[in-house]
Amino acid sequence: MNKADFFSRDLLTTIPSLRAFARSLGASPDRADDLVQESLIKAWANRGSFVAGTNLKTWLFTILRNTAYSEYRKRRREVEDSDGSYAATLITEPGQIAHLDMEDFRSALDLVPSEQREALILVGASGFSYEEAAEICGCAVGTIKSRVNRARQRLAAILGLQEGASEEAKKDSAALR
Amino acid sequence: MSHDPHSAPRPTLPADAPPLSDEVQRQIGRKLRLLYEQLEAEPIPDRFVELLRALADKESKPT
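Chains as they are written, first to last, in the numbering used here: chain A, 1 to 177; chain B, 1 to 63.
Because the hints were derived from the structure by calculation, they are not lab data. Note that this is a predicted model, so its numbers are computed, not measured. Incorrect hints may have been included.
To be verified - Chain B stretches covered by chain A per the calculated footprint, using a threshold of three residues with CB under 8 Å from any CB of chain A:
| # | region |
| --- | --- |
| 1 | 27-33 |
| 2 | 39-48 |
| 3 | 52-59 |
Unchecked claim - Using C-beta positions, here's what the derived DEER-type ranges look like:
| # | chain 1 | residue 1 | chain 2 | residue 2 | range |
| --- | --- | --- | --- | --- | --- |
| 4 | A | GLY48 | B | ASP22 | 42 to 50 Å |
| 5 | B | ASP22 | A | PHE50 | 38 to 46 Å |
| 6 | A | ARG9 | B | ASP22 | 34 to 42 Å |
Unchecked claim - With a cut-off of at most 20 Å between alpha-carbon atoms, the simulated DMTMM-like pairs for lysine to aspartate or glutamate come out as follows:
| # | chain 1 | residue 1 | chain 2 | residue 2 |
| --- | --- | --- | --- | --- |
| 7 | B | LYS58 | A | ASP5 |
| 8 | A | LYS3 | B | GLU23 |
| 9 | B | LYS58 | A | ASP10 |
We treat Cβ as the ideally placed atom computed from N, Cα and C, and that holds for glycine.
Assemble the whole structure, with the sequences as input and the hints as a guide.
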């Protein structure tokens with residue numbers, strides 16, 4: 001195998017995680033795959049700037065995130081309204097905790113502000129450290145920690161899991177009803 | 001501190017909000033990983049295998 005083959009093989013192994021990341025950010029399956037494809041092409045074109053020995057997965061996630069956000073900025077106005085009426089259909093009563101369904105969880109995740117959601121996913125599911133997540137998002141480590149906490153609080157509030165959580169979070173949940 | 005455009009009309013979560021219970025954190029973590037693992041378990045579509053093969057082939061063959 002030559003150098004290009006190795007690079008291509010390494011890209012291939014990160015595809016499942018890249019797709020999962022794109023999907024869990026809220027992209028539809030088709031759009032997620034378009035994002036992944038675009039990211040792979042960009043990664044290939046810019047592979048000269050990848051520093052061998054550093055984390056390829058972190059580098060690719062950064063590319064995918066930048067690609068997703070530059071498209072998102074173009075569409076922002078269309079998606080702005082999602083918070084209120086949609087949320088009202090998703091609230092579960094306390095006591096349903098044990099039966100918390102994956103669909104409900106996914107819908108609740110969609111309601112978490114995108115910066116908080118991506119921080120939670122990167123750290124809680126993609127397997128990145130706080131430091132790596134900060135590198136991917138281009139922000140400080142403390143910002144990532146704060147976003148992860150806020151994402152958890154928000155999810156707990158939306159899903160009615162907030163026993164013992166702050167009064168503010170409960171008000172936030174009530175505001176969604 | 002927050003750049004969240006959605007937070008303006010509602011009360012924002014205070015930075016010193018009491019931490020969620022361990023059980024709630026565990027539940028959220030478990031669901032999140034499960035969701036992610038389900039997505040990750042999907043087979044890689046052929047289009048990506050073909051794309052990468054085409055890119056690598058183009059590279060190895062002199063023009």
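Problem set entry | Distance restraint between LYS58(B) and ASP5(A), which requires alpha-carbon spacing of 20 Å or less | holds (11 Å)
Exercise. Can the region 27-33 of chain B be counted as covered by chain A under the rule of three residues or more with Cβ-Cβ separation shorter than 8 Å?
Worked result: Since three or more residues must qualify, the claim that chain A covers the region 27-33 of chain B holds, with 6 doing so at under 8 Å.
For this session: Quickly compare the C-alpha distance for LYS58(B) and ASP10(A) to 20 Å and report which way the hint goes.
Result: Distance of about 17 Å is within 20 Å: holds.
Exercise. Taking the beta carbons of GLY48(A) and ASP22(B), is their distance inside 42 to 50 Å?
Worked result: holds (46 Å)
Exercise. Taking a Cβ-Cβ distance under 8 Å as contact, does the region 52-59 of chain B have three or more residues in contact with chain A?
Worked result: Coverage by chain A holds for the region 52-59 of chain B (5 residues, Cβ < 8 Å).
Exercise. How does the coverage statement for the region 39-48 of chain B fare against chain A, requiring three or more residues with Cβ below 8 Å from a Cβ of that chain?
Worked result: holds (count 8)
Exercise. Holds or violated: 34 to 42 Å for the Cβ distance of ARG9(A) and ASP22(B)?
Worked result: Once the Cβ atoms are compared, 41 Å apart, the range 34 to 42 Å for ASP22(B) and ARG9(A) holds.
Problem set entry | 38 to 46 Å as the expected CB spacing between PHE50(A) and ASP22(B), which holds or is violated | holds (39 Å)
Exercise. Would the pair LYS3(A) and GLU23(B) pass a check requiring their Cα atoms to be no farther apart than 20 Å?
Worked result: Violated, because 48 Å separates the two Cα atoms, which is more than 20 Å.
In summary, the structure is inconsistent with hint 8 from the numbered list given earlier, while agreeing with all the others.
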